[in-house]
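Asker: Using the sequences and the hints given, assemble the complete structure.
For the sequence shown, full-length UniProt numbering gives the first residue as 1, with consecutive numbering after it.
Because the hints were derived from the structure by calculation, they are not lab data.
C-beta: ideal position from N, C-alpha, C; glycine also.
Do not rely on the hints blindly, as some may be mistaken.
[Claimed, not checked] Straight line, CA to CA, 27 angstroms or less: simulated DSS-like cross-link-like pairs of lysine-lysine:
id	residue 1	residue 2
1	Lys323	Lys235
2	Lys283	Lys236
3	Lys177	Lys303
4	Lys303	Lys102
5	Lys24	Lys283
6	Lys177	Lys102
7	Lys323	Lys311
[Claimed, not checked] Ranges between beta-carbon positions, derived for each pair:
id	residue 1	residue 2	range
8	Lys236	Leu421	50 to 58 angstroms
9	Asn226	Gln104	46 to 54 angstroms
10	Glu91	Ser56	49 to 57 angstroms
11	Gly175	Lys24	27 to 35 angstroms
12	Lys287	Leu227	20 to 28 angstroms
13	Gly237	Lys323	47 to 55 angstroms
14	Ala304	Thr66	51 to 59 angstroms
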Amino acid sequence: MSQYLLVSFNRQLPSSAKGKDVTKFIEGLIGNFGKLSEFPISMDLAKFTSQDQLVSIADELARLDTTTFGLLTRAARNIQDLIKKIEFDNERGWSDLLPNEKFQRIEPPTLEVAIEEGNDTIFYSIPQYLQKWQWEESQINSRRMINEMCAHFANEVQHQDDELRTASTAYTEAGNKIIALRRRNEGSLLVRNLDEVGSVMQQVKSFSDYGPTKASKTPIYVNTRNLITVLVVLKKGGAADFEKNYMVQSRYVVPVPPQIIESDNDFNCYAVTILRENVDDYKTACKEHGWHVRDFKYNPNMKAEMAEEAKEVVKGYINESTKYADHLQTTFTHLAVCWLHIKALRVFAESTLLYGIPPNFQAFLIDATPKNIPKIHKELEKVYNDGLPDMHDKADENDNFDDSELEHPYFSSQINLLGLLPTNK
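Answerer: Here it is, written out as structure tokens:
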């Protein structure tokens, strides 16, 4: 179930109860419209100084309840998004970046609340945790001033939000590095970075080292005082024309066949050696033929350096993904625990204001469908109505309406867990 009512009732029952205890009486009223379970709240949960203090704290707790639930829902959404991303990463792998490297799989988080019980950690879904919830003194000692308890949870919720934002930023930055790494190798030869492509050539630093390219198994990159090798990219269909007419300025181009060093589906990339001082003129001449002289930075160690860089980027991303998954799991647990403790304090404050001092109420969870919730209220108000107008006339033809807009002669808070549950794939 994803819909619940959290309600409380005065232990002093109406005369119609006829000796029944609170639980049996409420069960009889709601019938088959919902399943009732106790939500355990001590009558000594918190200390307070006056009714005015309770009024102020009740308003503050209501706001904190809404804020915490919103953050919990956002954490759940982040978990679901991360699960999908991790599944995609694990399936795709990293062979496109490092074909000869193996990396560990990333373990995804879960939409569960991790509770320490003795020496064990037990994982509960949100509905399970809601059903088994009880006040944890390890969170904060009960029987303290209610304003101190409220401030404690407000600070804890803010801390969790700040920590999650920091972890999210680190994960996003690591992901952006992966995107940049992949983009470097994406696209055609006409647009992609050619540093790695050009750096596969064997460098020649002096004219005496320069020999006919036909005798070389590795394409040659010439870099002398007067000569420089440039890369020319053109469509495959123009290969024959280029290989015949690449010396568009014969006075300034070394008369040896151009070296093809890379091809993709649409383009060829050639190495042509020309006079260093004539680079700009050669670019202009090539442009007139639809050939593109591409800039690149030669580094004989480029391939090894880029592989090492890619390895570090992938390792960093896997590490940050794992840390972010762990952080989301921890944050989801802490926010869920804080949220239900805040709920309990809110029930305590509002029920005490509603039923009188000293506190004398009992709280329940009602597991019900959205359609049955207005029916439950209708049955309860037949007994507990204190003159409030019948708001159920505002329900639609399916008896659906927003319970949060209604007032009841008893404490009532509708809980919709839909955003905290795993979505169907």
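Asker: Now, for every hint given, state plainly whether the structure supports it.
Answerer: Verification of the hints:
no.: 1; hint: Lys323 with Lys235; verdict: violated, 46 angstroms
no.: 2; hint: Lys283 with Lys236; verdict: holds, 19 angstroms
no.: 3; hint: Lys177 with Lys303; verdict: holds, 18 angstroms
no.: 4; hint: Lys303 with Lys102; verdict: holds, 18 angstroms
no.: 5; hint: Lys24 with Lys283; verdict: violated, 91 angstroms
no.: 6; hint: Lys177 with Lys102; verdict: holds, 19 angstroms
no.: 7; hint: Lys323 with Lys311; verdict: holds, 18 angstroms
no.: 8; hint: Lys236 with Leu421: 50 to 58 angstroms; verdict: holds, 53 angstroms
no.: 9; hint: Asn226 with Gln104: 46 to 54 angstroms; verdict: holds, 52 angstroms
no.: 10; hint: Glu91 with Ser56: 49 to 57 angstroms; verdict: holds, 53 angstroms
no.: 11; hint: Gly175 with Lys24: 27 to 35 angstroms; verdict: violated, 56 angstroms
no.: 12; hint: Lys287 with Leu227: 20 to 28 angstroms; verdict: holds, 21 angstroms
no.: 13; hint: Gly237 with Lys323: 47 to 55 angstroms; verdict: holds, 50 angstroms
no.: 14; hint: Ala304 with Thr66: 51 to 59 angstroms; verdict: holds, 55 angstroms
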